[in-house]
Amino acid sequence: MSGGTGIPWPIPLSLLAALALAIVPLPGGLPPVRPEWPALVLIYWAMAFPQRVGVLTAFVTGLLLDVLLGQLLGQNAVAMALVAYLSIQLHSRLRVYPVWQQMIVVLVLIALYKLVALWPQGLTGLPPGSVWYWAPVLTSALVWPLVFVLLRGARKRWLLHLT
Amino acid sequence: MVLLGIALMVLDHRLNELQTVRSVLATIAHPIQVAVDAPIRAGSRVMESFSSREDLVVENRILRRENSELRARQLRFEALQAENDRLRALLNTARQADEEVQVAQILSVDLDPFRQQIVLDKGQRDAVYSGQPVIDADGVVGQILSAEHASATALLISDPGHALPVLSERTGLRGIVVGTGNPQRLRMRHVPPQEDIREGDLLLTSGLGGRFPADYPVARVTSVERPPGEAFLSIEAAPLAALDRSREVLLLWTRDTDRDAIPTPLPAERDPAADDQP
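Protein sequences, first through last, are from chains C and F. The first sequence begins at 1 in our numbering and counts up by one. The second sequence begins at 1 in our numbering and counts up by one.
Bound-form chain C, shown alone:
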């Protein structure tokens, strides 16, 4: 069983759920503090299964997010691929970190993600122009323990036999 490179079903399912969370309307008037759910879920799976979940999965997820958010095609895809690449590079270290240390790494990764996604927006002449753009960096790090516990639960339950 182990050593395969297929993508078991909980992974796409959780990514789809994260994409849905990315467009669920927030209560009106709330500032844009929505955590970057797809990126968080992707970081977890890239860390848990670096052989299975890679840059391509990230790219496709990012493309879907671009379409869902009505943004420039490729903007999130590139950022997401970069985040996946880095988390695969860091996976063996990430796994042994305690959760609070993981939160710091996630903070940096999401900040990088937002930075890469910002660049094409600036080039096309429509920068968000508000510090609220960076709010998701903090909230994403704050909800990381939740994502981590939930997805680890899913992995232990259904994917324990895989590497």
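What the hints contain is simulated information worked out from the structure, not anything from laboratory work.
Which bits of chain C does chain F cover? Going by a derived footprint, with three or more residues having C-beta under 8 Å, they are:
#1 10-21
#2 69-79
If you anchor each label on the Cβ, the simulated ranges turn out as follows:
#3 F:R247 <-> C:L112: 36 to 42 Å
#4 C:L115 <-> F:N84: 55 to 61 Å
#5 C:V96 <-> F:P31: 35 to 41 Å
Partner residues aside, some chain F positions facing chain C, computed with beta carbon under 7 Å:
#6 L8
#7 M9
#8 R22
#9 L25
#10 A26
#11 A29
#12 I32
#13 A35
#14 V36
#15 S108
#16 V109
#17 D110
#18 L111
#19 D112
#20 P113
#21 Q117
Just so it is clear, CB atoms sit at the ideal spot from N, CA and C, and this is done for glycine as well.
Position chain F relative to chain C; hints supplied.
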């Protein structure tokens, strides 16, 4: 992968070659949007069915009164329309275009919080096309950005990337209204300081851009300032349409009565000769 992504972005921004890729992806992503929208819509329907009978009776009475009022006005409007057509024929000018509308629901999904966009539940199968005007009962809402099979994304007039040619109802002064990113505020650009424009002026579409038919209300001027040392006035306006509140909008099809063209058909059936490039 990164290069591919950058190539994608450049293509998407500079050319419209990726419309098909985007619409294929959007069709894949559509179920996610529907899944997010469905419980919210069901919730509001449940709320509706629990509203009391008295409320419904009152609402019904109000609607009936409004309906008879509107019908009375419609009678006059038809007579005026006929007279207008006759006068225009006498003057040998082009007749005004006929318009058709269809109601579309706004899906409850959030998009990029720094852009002003909405997703509608009508798409190419309902003959929605990109560039189509979107209005509501009070004024212009925006235009369709891209139409997929069963859904469409519309750009609101309050998006910082949207510009709309308008004219002032009182003086006929022409100008461009651009969005600010705030759904309550628009800005009118490039009006020289000697022009006659004041607070409360109504701005209508001028029809000059070719996208929007003329004479639809857009916004009301809320403030006019003359910043010293600037070449143009600084004019702010409030959109008349409920950009951030409505659940429904109207899609507008323009039919040219002179050429007797059919309302824009599906792109596959479109006659290339009669197709104006946007």
